[in-house]
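In my numbering, each residue's number is its place in the sequence shown (first place is 1) plus 12.
Each hint should be verified, as a subset may be incorrect.
Label-pair distances were calculated between CB atoms; the ranges are [unchecked claim]:
id: 1; residue 1: Ala22; residue 2: Val65; range: 14 to 22 Å
id: 2; residue 1: Gly43; residue 2: Ala22; range: 15 to 23 Å
id: 3; residue 1: Lys26; residue 2: Arg59; range: 26 to 34 Å
These are computed hints drawn from the structure, not numbers from a lab. Note that the structure is predicted; figures quoted are calculated from it, not measured. Backbone N, C-alpha and C fix where the C-beta goes; we use that ideal spot for every residue, glycine too.
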Amino acid sequence: MTENMEEIQAFLLKERDKVLSDAEWRFRMRGYGYNLRRTDGGIEVARLPQNKVLGTFEM
13 MTENMEEIQA FLLKERDKVL SDAEWRFRMR GYGYNLRRTD GGIEVARLPQ
63 NKVLGTFEM
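Hey, can you work out the whole structure from these sequences and the hints?
Shown next, in the form of structure tokens:
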């Protein structure tokens, strides 16, 4: 587990390429300990179980 948002974003986008839908992607990422939420600014990434927001990136 890293706190580097660039590494997290690269991992998340690589995993997004493996699935068919956003719902499936969010479900998979919860298994890795990340909660993803779509906002006006992009995708908000939070670490579970505390749901601590790590950052936001555009898609």
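The hints, checked one at a time:
1. Ala22 with Val65: 14 to 22 Å: holds (19 Å)
2. Gly43 with Ala22: 15 to 23 Å: Distance hint for Gly43, Ala22 holds at roughly 18 Å.
3. Lys26 with Arg59: 26 to 34 Å: This hint is violated: roughly 18 Å between Cβ atoms.
Checked against the numbered hints listed earlier, the structure breaks hint 3 alone; every other hint is satisfied.
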